[in-house]
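Student: Protein chains in written order, with my numbering: chain A, 1 to 456; chain B, 1001 to 1110.
Treat the hints with care, as some may be off.
Taking lysine-lysine and the DSS-like style, the derived pairs with C-alpha atoms no more than 25 Å apart in a straight line are [stated by the list, open to error]: (1) B/K1046 <-> A/K295; (2) A/K360 <-> B/K1029; (3) B/K1091 <-> B/K1046.
Reference excerpt, derived from the structure (chain B facing chain A, CB under 10 Å, subset only) [claimed, not checked]: (4) A1012; (5) D1016; (6) I1023; (7) V1044; (8) K1046; (9) H1048; (10) E1058; (11) E1061; (12) G1078; (13) T1092; (14) L1098; (15) M1100.
No lab work stands behind these hints, which were simulated from the structure alone. Note that the Cβ used here is the ideal one computed from N, Cα and C, for glycine as well.
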Amino acid sequence: MEHKEQIRIASGQGYWGDLPQAPYWQVSKGLTDYLVMDYLAEVTMSILQKQKSRDPNLGYAKDLLPVMEQILPFVVQKNVRVITNGGGVNPQACRDAIFDIARKSGVRGLKVGVVYGDDIYERVDALLKNGHELKNMETGASLTTVRDRLQSANVYFGAFPIAEALKQGAQIVLTGRATDTGLTLAPMIHEFGWSEKDIDKLAAGIVAGHILECGGQSSGGNFLKDWKHVPDLANIGFPIAEAHDDGTVYITKHEGTGGLVSVDTIKEQLLYEIGDPREYITPEVIADFTSIKLKEDGENRVRVYDVKGRPPTDSYKVSAAYSDGYFAVGTLTYGWPDALEKAQAADKIMRQRLSDLGYKYDEFHTEYLGYNSCHGPLSPVQVEMNEVVLRVAVKGKDRYAVEAFGRQLVPLVLTGPPTVTGFGAGRPKPQEVVAYWPALLSKSALQPVVEVTEMI
Amino acid sequence: MKTVQLVKLAHARSGDKGDASNIGLIALKPEYYALLKEKATAEVVKKHFAGICTGPVERYELPNLHALNFLLHGALGGGGTVSLRNDAQGKTMSTALLRMEIEVPDDLGL
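When you get a sec, could you build the whole thing from the sequences and use the hints?
Tutor: Given below as structure tokens:
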């Protein structure tokens, strides 16, 4: 295969629920070779697992379908290749749904790859039996303590299985649980012929992936330093990694779009959700974020270079989710004068009524929006507020008690402190608490499966 | 010497890692980095977040970015997916850190 010297990888979605027009913008507003989209947050898989148990044709990110419909012409006519983890717990069903869309649009011969084998939900007992403890990385507890409440369990695969699907000609690659960074690294591995031994280059691709994985958050969105001067956020250009075969990456965005790509926007994103910067662990490599060099290279263009890495660990990260009781959240708005005092009095009354009725909760949390819901006890006391939103939340194992909390909130309007409004949403309903269980699993315990299918 | 809030010296971004809040603190000018390193120690930050951060604070240095990364353990009410807080993921912890006051030399021009 002839290797390209550079490719343009565009971020189209930083999480499930991100700006829906961004993927289309990325393929239509300028040159893009690859479009990468992240759809999976920590507990998304448990929601998808439930959908799949109700209907075997579900269990993937359904929002992906209208996006695919929009961008399919670019896949077919402009050779844009798409990589996304929106396959969820059912990438095969996602593939079939995309084939349906393609058929309706008159497309022929589309090649879609799926990467699976990450879903270990059905295999958990066998793994436990074979001595894989799947201990909680934070608490050290054994998975057996929550086994009966488990809702999903997946390992994070990396870039190499995706690169394999690209090698086999897939125009669209749908994965289950794959690292966000792997989505961006995969086309570099494929196009530049990098191997497991190219540690520093892999680390460079991972860093590019980290910069792209939250979409607009590296191109002017949520930018604290100088947010007032970020131009035209309404038309924000999502970030693009122009990757070179030596591991140098330029971060940029399409011309004529809004937002900002600068050393400062990239710095903020590099520091987002990291632990020890010398040990950014992925399935392919351990990237050292203290080695990264950044240099402005013209307007909205930053050179990312000299990235170093170390060989990977022998484990996959496991992301599992389990049911952990119920919670409910409600709000009421109190107006001037004495807004905060009224809200505090209302909270006290409500707690007393629930306690008199004998209800108990694992947690009862009160905040005052407009006063302390962002910075808690660090919030300076306000002299006189125009209004304040009382926000109360409870959590517990007893669904009935959580429901009872909902029945006690709205009555405060006529039986508590005066000038209160904002009860339009009605009684807060109990919702299931889905807790996250991070663990490790030996890489030898399972293999990713890559399957590329041509539509007939 | 005079006392200023970190917001005059740095920008920041925060996110969640389980029940730990990660706050990246970035010097507004390269020459402020040494001062941040000296004054914004893990102990001082732990003290600043009294009543919020229930566990230890870890600090990492990224001299290449003129930045420090803090991990505040036990600071998110159980973690992003189970926390009852309005800011369950600690998205605004960045500016909570920027409220912190440190002593700076008078000739820094602040």
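Student: Please go over all the hints and tell whether each is borne out by the structure.
Tutor: Verification of the hints:
1. B/K1046 <-> A/K295: The hint is violated at about 33 Å.
2. A/K360 <-> B/K1029: Violated, because 51 Å separates the two Cα atoms, which is more than 25 Å.
3. B/K1091 <-> B/K1046: holds, 18 Å
4. A1012: holds, 6 Å
5. D1016: holds, 7 Å
6. I1023: holds, 8 Å
7. V1044: violated, 14 Å
8. K1046: violated, 13 Å
9. H1048: holds, 8 Å
10. E1058: Holds: closest Cβ of chain A sits about 8 Å from B/E1058, inside 10 Å.
11. E1061: B/E1061 check passes; min Cβ-Cβ to chain A is 8 Å, inside 10 Å.
12. G1078: Holds. Min distance 8 Å.
13. T1092: holds, 4 Å
14. L1098: Holds, about 8 Å.
15. M1100: holds, 9 Å
The structure does not agree with the numbered hints 1, 2, 7 and 8 stated previously, though it agrees with the rest.
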